[in-house]
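S.K.: Fit chain Z to the known structure of chain S by using the hints.
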Amino acid sequence: MEQQFKTVITSKRKVFDLHIRETFRYRDLIFLFVKRDFTAMYKQTILGPAWAIVQPLLTTVVFTIIFGSLAKLTTADVAGNFEIPGFLFYMAGNICWAYFSGTLQATSNTFLANANTMGKVYYPRLVSPVATSISHLISFGIQLVMFFVIWLVYLLIGRTSIQVTPALLLIPLLVLQMIVLSTGFGIIISSITTKYRDLAMLVGFGLQLWHYACPVAYGLQLVPEKYLTLYMLNPVTPIITTFRYAVFGFGYFHLGYYLLSWAMSLVIFFIGLVLFSRIERNFMDTI
Amino acid sequence: MLKIDNVTKQYRLGQIGGTTMRDELQRLSARLHGREDPTRRIGARTYEKNETFMALKGVSLEVKKGERVGIIGHNGAGKSTLLKLISRVTGPTSGTISLNGRVASMLEVGTGFHGELTGRENIYMNGAILGMTKKEIDSKIEQIIDFSEVRQFIDTPVKRYSSGMYVKLAFSVAAHLDSEIMIMDEVLAVGDLAFQKKCLDKMNDVSRQQGRTILYVSHNMNTIRQLCDRVVVLDKGLVVFDGDVEEGIGVYMGAMRKFDFHYEYPDMFHTNRYAIGGIRIQELFVLNTDKTVFETGDTLNLKLKYSAEREFEKVLFRFVITINGVTHVGTILSEDSVRIRPGEDRYLNFSLSLNHLMNGHFRFDIIAFHFNNFGREQVIDGVYPGFFIDIQNRLNEDCPIVWLPQYWSFVQLEKAKILES
Numbered sequence: 001m002e003q004q005f006k007t008v009i010t011s012k013r014k015v016f017d018l019h020i021r022e023t024f025r026y027r028d029l030i031f032l033f034v035k036r037d038f039t040a041m042y043k044q045t046i047l048g049p050a051w052a053i054v055q056p057l058l059t060t061v062v063f064t065i066i067f068g069s070l071a072k073l074t075t076a077d078v079a080g081n082f083e084i085p086g087f088l089f090y091m092a093g094n095i096c097w098a099y100f101s102g103t104l105q106a107t108s109n110t111f112l113a114n115a116n117t118m119g120k121v122y123y124p125r126l127v128s129p130v131a132t133s134i135s136h137l138i139s140f141g142i143q144l145v146m147f148f149v150i151w152l153v154y155l156l157i158g159r160t161s162i163q164v165t166p167a168l169l170l171i172p173l174l175v176l177q178m179i180v181l182s183t184g185f186g187i188i189i190s191s192i193t194t195k196y197r198d199l200a201m202l203v204g205f206g207l208q209l210w211h212y213a214c215p216v217a218y219g220l221q222l223v224p225e226k227y228l229t230l231y232m233l234n235p236v237t238p239i240i241t242t243f244r245y246a247v248f249g250f251g252y253f254h255l256g257y258y259l260l261s262w263a264m265s266l267v268i269f270f271i272g273l274v275l276f277s278r279i280e281r282n283f284m285d286t287i
Numbered sequence: 001m002l003k004i005d006n007v008t009k010q011y012r013l014g015q016i017g018g019t020t021m022r023d024e025l026q027r028l029s030a031r032l033h034g035r036e037d038p039t040r041r042i043g044a045r046t047y048e049k050n051e052t053f054m055a056l057k058g059v060s061l062e063v064k065k066g067e068r069v070g071i072i073g074h075n076g077a078g079k080s081t082l083l084k085l086i087s088r089v090t091g092p093t094s095g096t097i098s099l100n101g102r103v104a105s106m107l108e109v110g111t112g113f114h115g116e117l118t119g120r121e122n123i124y125m126n127g128a129i130l131g132m133t134k135k136e137i138d139s140k141i142e143q144i145i146d147f148s149e150v151r152q153f154i155d156t157p158v159k160r161y162s163s164g165m166y167v168k169l170a171f172s173v174a175a176h177l178d179s180e181i182m183i184m185d186e187v188l189a190v191g192d193l194a195f196q197k198k199c200l201d202k203m204n205d206v207s208r209q210q211g212r213t214i215l216y217v218s219h220n221m222n223t224i225r226q227l228c229d230r231v232v233v234l235d236k237g238l239v240v241f242d243g244d245v246e247e248g249i250g251v252y253m254g255a256m257r258k259f260d261f262h263y264e265y266p267d268m269f270h271t272n273r274y275a276i277g278g279i280r281i282q283e284l285f286v287l288n289t290d291k292t293v294f295e296t297g298d299t300l301n302l303k304l305k306y307s308a309e310r311e312f313e314k315v316l317f318r319f320v321i322t323i324n325g326v327t328h329v330g331t332i333l334s335e336d337s338v339r340i341r342p343g344e345d346r347y348l349n350f351s352l353s354l355n356h357l358m359n360g361h362f363r364f365d366i367i368a369f370h371f372n373n374f375g376r377e378q379v380i381d382g383v384y385p386g387f388f389i390d391i392q393n394r395l396n397e398d399c400p401i402v403w404l405p406q407y408w409s410f411v412q413l414e415k416a417k418i419l420e421s
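Residue numbers (the numbering used here), protein chains in the order written: chain S, 1 to 287; chain Z, 1 to 421.
In short, the hints are calculated from the structure, not lab data. Each residue gets a CB set at the ideal place from its N, CA and C atoms; glycine is no exception. Any given hint could turn out to be false.
[Unchecked claim] To give a feel for the contact side, a few chain Z residues facing chain S, derived at Cβ under 8 angstroms:
{"hint": "1", "residue": "Val89"}
{"hint": "2", "residue": "Thr96"}
{"hint": "3", "residue": "Leu107"}
{"hint": "4", "residue": "His114"}
{"hint": "5", "residue": "Leu117"}
{"hint": "6", "residue": "Ile129"}
{"hint": "7", "residue": "Pro385"}
{"hint": "8", "residue": "Tyr407"}
[Said to hold, decoys possible] Simulated crosslink set (DSSO-like; lysine-lysine; CA at most 27 angstroms straight-line):
{"hint": "9", "chain 1": "S", "residue 1": "Lys43", "chain 2": "Z", "residue 2": "Lys134"}
{"hint": "10", "chain 1": "S", "residue 1": "Lys43", "chain 2": "Z", "residue 2": "Lys159"}
{"hint": "11", "chain 1": "Z", "residue 1": "Lys134", "chain 2": "S", "residue 2": "Lys6"}
[To be verified] Quick partial rundown of chain Z residues pointing at chain S, CB under 7 angstroms, derived from the structure:
{"hint": "12", "residue": "Leu99"}
{"hint": "13", "residue": "Asn100"}
{"hint": "14", "residue": "Tyr124"}
{"hint": "15", "residue": "Lys134"}
Looking at chain S on its own, in the form it has when it is part of the complex:
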């Protein structure tokens, strides 16, 4: 009589073996990782989670002074006579970028940072990047609330061109896309860094450069028309411009580029998952 086994470990690897069901079974662990990240981050600080607000707030103030008042870069995404409060403009870009870059950087470190634990115990490896991504999402949530409070203040005071439009409903979709894109990039890099540590160096520095390629510190109008297509190929750009379009009620929204950016996000995410599942089985031998 052949015995039935629930778990079978072999040397063969399937191309796409992600343990999604198993990862879901470990949802308590995901939750605990998120909680641990949060507790560990703000333990022994006076401000605690308020740091999540202080950081983008200060960055935005600096941006408003340097890029707005001193450099006088345009804050317009499209030509027209719009009154955009610079502070809100920079903050919109900043919180999106902060989530994107933060998640990417943290998930790209998945294997290296958890090598100790993963070398001793098995749990679905995907748990780690998922938890990282969620804990950053919480910070982003806090920042988004802060953003909307300020947004509401501007809206009530008036004298701006901000309108409330149905485009606001795009925000959940945008958030989802940011999660997919940043996590996708992160796990690709994390898979490669198990062998080449260079990439870990490159991430911090590369993200700084990438920042300039995104319309965070300036409006899209600054980009010459002939380079626009090239510029829009950066999958982060449509996210940021569309986000501003959604919250301000006007701005740049191009369905084609937006869908392209979605497609790129999904492809990157998919590649990331495949790479990740290939690496996770044996990465302990090479790390």
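M.R.: Structure of chain Z alone, referenced to chain S:
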């Protein structure tokens, strides 16, 4: 329950990882130009690309539900690799491992503990990493805290714990896991003796009452004896024994070397770096041919074959007695010195009294030494190990009880006199 079928695990030798893309490119270009690898460290051994090391060379095992299997073997025998494969930390190179139920692996205590979190939070953390759900931990947390004996500090961050408290807490979590298969790698070697015993008892309980399967790796034969009902001996990646506990331990210890009537000493035995040389101990014959197990009080007659390159005026010998070269028991010195003249195939006879040695499997190292012109002791040659003998104590006037070396050590000293006052 758990079926391991012809599993192998291969590791690549030499440096893997830790290499940069620049190094790889340089290496590639050097290969294309037929030059030597520029990134290689000077003097480092070059490993062929396909030079590998087989940590496991085809291991097959079947473990039934509720069995407590001890896995023993020397360092590098593949014990930890096997446990890693079963706990899915890394994948096998070939073969299959099939199992039912959850696996709780304790290859280390306190995996995933975070210093900033309190003891209580870490229980949840550690439990979840080991595969428990929050609900399960909720229902067991009181038991876990009680078992850990650190209730007083349970809401303090563990970074302020002493290492003992840390270990106790970590083990408590693992011991309360509801997994069908538990894997432990030498984890009981920590914590104080009382707690160790408590852990072993707990493991015994859960296995007997709830039918958990336990795989336990240890170098401590006593804990193996206490916990396991079956032993698997691994040697160089292969299963060399599978069965009864005492027999398995015997095989493992025997693999270390057993008693023989004739020993030869090739180069690998002459490991003393400070030996000045000049005399070479070559072979040893045990002349007591009537027995293989000696008794306390016996006299051991040995014949030593040696060669000498030069003359030594006064050579002395010492026999250093140890248990496996680790626990030192005592030393026997030669009574007088002997004059050694150069020549091949020379012999010396020794007679050793085994008066004070009690029960045990002893290793004797043979060392020839002399005093140089400045009166300093110098080792001329030594063989490590020299020979092994088993001693049993006879029940007689000299020792009316069975000697228990685990409590009393291996030597019986002079008797105490009772003086009436």
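S.K.: Does each hint hold? Answer for all of them.
M.R.: Hint check results:
1. Val89: 6 angstroms, holds
2. Thr96: This hint holds: threonine 96(Z) lies near chain S, its Cβ roughly 5 angstroms from the closest one there, short of 8 angstroms.
3. Leu107: Hint on leucine 107(Z): holds, closest Cβ of chain S at ~5 angstroms, below 8 angstroms.
4. His114: 5 angstroms, holds
5. Leu117: Interface hint status for leucine 117(Z): holds (6 angstroms vs cutoff 8 angstroms).
6. Ile129: 5 angstroms, holds
7. Pro385: 35 angstroms, violated
8. Tyr407: With a minimum Cβ separation of about 35 angstroms from chain S (threshold 8 angstroms), the hint on tyrosine 407(Z) is violated.
9. Lys43(S) x Lys134(Z): Given that 27 angstroms is the threshold and the Cα spacing comes to 23 angstroms, the pair holds.
10. Lys43(S) x Lys159(Z): 12 angstroms, holds
11. Lys134(Z) x Lys6(S): 23 angstroms, holds
12. Leu99: Hint holds; leucine 99(Z) Cβ to chain S Cβ min 5 angstroms, cut 7 angstroms.
13. Asn100: With a minimum Cβ separation of about 5 angstroms from chain S (threshold 7 angstroms), the hint on asparagine 100(Z) holds.
14. Tyr124: 6 angstroms, holds
15. Lys134: Hint holds; lysine 134(Z) Cβ to chain S Cβ min 4 angstroms, cut 7 angstroms.
Checked against the numbered hints above, the structure violates hints 7 and 8; every other hint is satisfied.
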